[in-house]
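K.L.:
Chains as they are written, first to last, in my numbering: chain A, 157 to 342; chain B, 6 to 198.
Calculated directly from the structure, the hints in this document are not laboratory data. None of the hints are false.
Dumping the calculated DSS-like pairs for lysine-lysine here, alpha-carbon to alpha-carbon at most 25 Å: (1) A:Lys261 <-> A:Lys173; (2) A:Lys261 <-> B:Lys109; (3) B:Lys109 <-> A:Lys173; (4) B:Lys106 <-> A:Lys261.
Computed spacing ranges between beta-carbons, pair by pair: (5) A:Val210 <-> B:Thr15: 51 to 57 Å; (6) B:Glu151 <-> A:Glu194: 32 to 38 Å; (7) A:Leu315 <-> B:Asp152: 26 to 32 Å; (8) A:Leu187 <-> B:His97: 37 to 43 Å; (9) A:Ala211 <-> B:Phe18: 51 to 57 Å; (10) A:Leu320 <-> B:Phe90: 25 to 31 Å; (11) A:Ala211 <-> B:Gln171: 55 to 61 Å; (12) A:Ala180 <-> B:Thr15: 23 to 29 Å; (13) A:Ala180 <-> B:Ser56: 45 to 51 Å; (14) B:Gly180 <-> A:Ala183: 31 to 37 Å; (15) B:Leu53 <-> A:Arg290: 43 to 49 Å.
All C-beta atoms, glycine included, are put in the ideal place defined by N, C-alpha and C.
Listed here are the chains, written in short residue letters.
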Amino acid sequence: MCLVALFALIGFRRGTKRELVVLAGIALASLIANTQLEFLTVWVNRFYKIAMFVAKGGLSEDLGSVSLGSLEPLVQTNNDSTWLAVAAYAVIVILSYLVGQRGIKGSPARSERILGGLIGGVNGFLINRFIYPRVFPVNRTHVAIMSGQVSDALTGNSLLPLVLVGLVMILVVYGVRGSSRSSGNG
Amino acid sequence: MIPIEVYFFTAVFVFVLIALVRGFLKELGVTTIVVVALFLLMQFGSLLEASINKAMMAGVVQKVMPASAEGDPVQATIFILFIIFAAFISYHGETLAFTGKAPKGGEGILLTAMIGAANGYLIAGSIWYYLHKYGYPFTFMHMKAEDLSAVAKAMVPYLPLNLLGQELMAGVVPGQTPLLYIMVVLILLRVIR
Chain A
157 MCLVALFALI GFRRGTKREL VVLAGIALAS LIANTQLEFL TVWVNRFYKI
207 AMFVAKGGLS EDLGSVSLGS LEPLVQTNND STWLAVAAYA VIVILSYLVG
257 QRGIKGSPAR SERILGGLIG GVNGFLINRF IYPRVFPVNR THVAIMSGQV
307 SDALTGNSLL PLVLVGLVMI LVVYGVRGSS RSSGNG
Chain B
6 MIPIEVYFFT AVFVFVLIAL VRGFLKELGV TTIVVVALFL LMQFGSLLEA
56 SINKAMMAGV VQKVMPASAE GDPVQATIFI LFIIFAAFIS YHGETLAFTG
106 KAPKGGEGIL LTAMIGAANG YLIAGSIWYY LHKYGYPFTF MHMKAEDLSA
156 VAKAMVPYLP LNLLGQELMA GVVPGQTPLL YIMVVLILLR VIR
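Can you make the complete structure from the sequences, with help from the hints?
P.N.:
Here is the structure:
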C-alpha cells in the first residue's frame, strides 16, 4: 500500500495527462506479458543464443567448434518465464513513464495534479497487482508480513472492479474539468 | 439460443455509438439520471417488492398478468419498466445535460465512448440483473438461470446492482455503497461548474 501511495505522489507531481499515458502503457504491458509470453520467450532465447555464440568466439573459431544448438536457452523454466514477463512489463511501463514525461510539456495545474495523483494511485495498484504475486508468490514467502492477505487483495477479483469504477469516475471528472476550462468556466 | 451476454455486449456497443453521436456532456446527464434511478431502486426496491407482493396476494395483479410457474414476471416487469422509463427520460431530457464544450479530438472520443459504455453497462446490466433476480420469467426468452454460459455466470456478480450496490464498510458504516458515492460525485459535478 505504501507503493500505491508512492505512485499516487508521483502522479500528483506529473499530472493527469502524463499518468494517462502510463495507464495506457500498463494496459499494453499487461496484454503483452499475459498473452505474448511464448513469442517473447522464443525471441529472447534466439537473441541470447546469438549473443552467446558471438561471445564464445562465433565465426572467428573453426566452423563447428561453437554450436548454437549446444547453447542453453536463457528462458527455460516456468520461473524464468515469470521473470521474463515481469521484465517485459517493467520495460513497457518505464517507457510509458518516459514518453509521458518527454512528450507532454508544461507544469500541471492544481486540479490536474489532484486527478494525476488519483490516477497515479490506480496505476500503482495495477502495477503492484501484476508484479507482487509474481515476485512474492504466497507459498514461497517467509517474511512476517500478511503476504497472503496482501496478495489476495491485489490479485483477487473483488477489488479490481471497484478500482476500475473509481478510474472511470476520475476520467469523468477529468473530462468535465476539461469542458469547464474550454468554455471559460461559463 | 443466443447467450444473454451477447445481447448485453451488443446493447453496450449500441450505447457507445449513441454516445459518440450525442457527445460526452449529454451522456453524462444520462449517467446521472440512471445512477439516481438505480440508487432509488436500491434503497426502495424491497419496499416496492413488498407492495407488489401485497397487490398480488390481493389478487389485483393476477388480473393483469397471470402468475408464472417459473420466476416472477410481475416483479421483473415493473422493475425493468422503471429502468427503461428512467433511460427514456434521460435520453429525451436536456435539463440535466452538463454544460460546456465537450472535450475534442481523440481524448474526447475516448471519453465519450467510455461514458457511453458505462451507460450501456448501467442500463443493460440492470435489466439483466432483474431478469436474473426473478429467474428469467419471460417465456419468450427461453432462458433459465441454470442454462447460463460460464461467461454469463461469471458476469452476474459484476452487474450494476451487485457490484455498485455492495456495502463498502459493512458493519462499520451502513449504506456506504459505490452507487451512493458515484451519485454524489455526479450531482456535485453538475452543480459546481
